[in-house]
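So the chains spell out like this:
2 protein chains.
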Amino acid sequence: MNLKESAPEWFMELQDMITAGVESYESTKMVEKENKREGWHQRHRTIYGDTFEKAVIAYSCVSGEFKEEFAKEIPGTENNKEYWASGISVIFHPMNPHVPAMHMNTRYIITGKEWLGGGFDFTPCLPNDDYELWYHNKVKELCDNHDESYYEDFRKKCDEYFYLPHRNETRGIGGIFYEYFSPQEMSFEFHKDVGKGFFETAMKTFEMFHTKEYTDADKAAQQIKRGRYVEFNLLNDRGTRFGLKTGGDTEAILASLPPTADWR
Amino acid sequence: MNLKESAPEWFMELQDMITAGVESYESTKMVEKENKREGWHQRHRTIYGDTFEKAVIAYSCVSGEFKEEFAKEIPGTENNKEYWASGISVIFHPMNPHVPAMHMNTRYIITGKEWLGGGFDFTPCLPNDDYELWYHNKVKELCDNHDESYYEDFRKKCDEYFYLPHRNETRGIGGIFYEYFSPQEMSFEFHKDVGKGFFETAMKTFEMFHTKEYTDADKAAQQIKRGRYVEFNLLNDRGTRFGLKTGGDTEAILASLPPTADWR
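Chains as they are written, first to last, in numbering that gives the first Met the number 0: chain A, 0 to 263; chain B, 0 to 263.
Rather than coming from a laboratory, the hints here were simulated on the basis of the structure.
Since we're looking at a predicted model, the values are computed, not measured.
Don't be surprised by glycine CBs; every beta carbon is placed ideally from N, CA and C.
None of the hints are false.
Listed next, the stretches of chain B that the computed footprint assigns to chain A, with coverage defined by at least 3 CB atoms under 8 Å from CB atoms of chain A:
1) 234–247
2) 251–258
Chain A regions said to be covered by chain B (calculated; three or more residues, Cβ under 8 Å):
3) 225–234
4) 255–263
Same shape as in the complex, but just chain A:
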């Protein structure tokens, strides 16, 4: 089986795995919206729950032709604007402010070139040095299993990307971010381990903190941090701005926004 078949299968399997994890905490199922036609498959799952105040797990496998202005910014489109792309993206906005907001995305893209890209990053709302240390060790461990240069490189890229220049602060405590690795350079097994590693780390984090008592002030701090999340996504996130400019599905593109936010 080639990667163009096995990659989407993996992304769907991972989507089911993470969905089961989310639903194990909730009394209702995630709501699925599916959009399927020739060369196009999107399966978005959303829940506004009691533990996951908002969770979105989105799988897609789509193909088509980039618009001219879009193509310019994508490698491998010089001679041909056709693309094929499959991936999964996950966003968790937890109810309990002791649980960080979490984001993960892994994708496999084919134009005239082909590459893997992805990563994940966590955004705590309350300071917790011990947790931060534990989290980065988890991330390092999953990277070191594949290549000892990955963790440092990808953590740096993550900090650079998830940065709010107008606030002079990072979105959260980072994680890893990588792009433009051909499947020859980077094993798809690493890509899978990023998904699995995210899932395990996320679930373990919920387990640790989702029942921890919190004050109104803690919730208020979460709301302010969510405001920063909105600012990053609308002002700085390349994918969001690009998607909206090129006429993508607004609801899907803005699915990562928190359920609520404050600027008080």
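Place chain B on chain A using the hints.
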């Protein structure tokens, strides 16, 4: 007295007038932050009140030299990047969802050229055709007192500017918006009447609706509309993006954001 002296005086007088209007509804005073040095005066007033869930009334009279990249987009900076600018901007995010969100700004800018620009626009969260009609009549009246072409021209510009392409909707029900009128072309008296007309219309609107009963669903609709307000300001508003890119004061630039917003 020339306009460079009388304009800032008017903007300060208008700030005091509107401040008194806001405070007449609240049990506490607006909080003032003043920043004054040679060639630089900012006086921002903010309240998180019971009627005005958030109100900001910002006066400024500042001067300096535009940065290279900033200057390119400003008329009259070809030979000299110096500027002088004075103005007032107002944002009201009312507690009661029957009262529209309101925004007003009038400014006088001098570079190698000099011009007046400004306008105001209202954003109801709940449909109310009678109010919309009443509102636009008020706006038309104040325009017609000066020039019968103003209302149609400036209302159109307002609708074009306060538009969210990714939602295919306007921010609110519009109002007026104008820019680049020299004080020879446009009477400063019109500029003053925009400020006064806004103030009267805003106060009358609060009077009509601020005690009107509302449901949780009405408040939820307001929260969603506020989310759109955030989207416009961060994705589409030229001033916001420009200010942040050129290293302006983030808190001041983002002062127009609503106190809270939802994307549920």
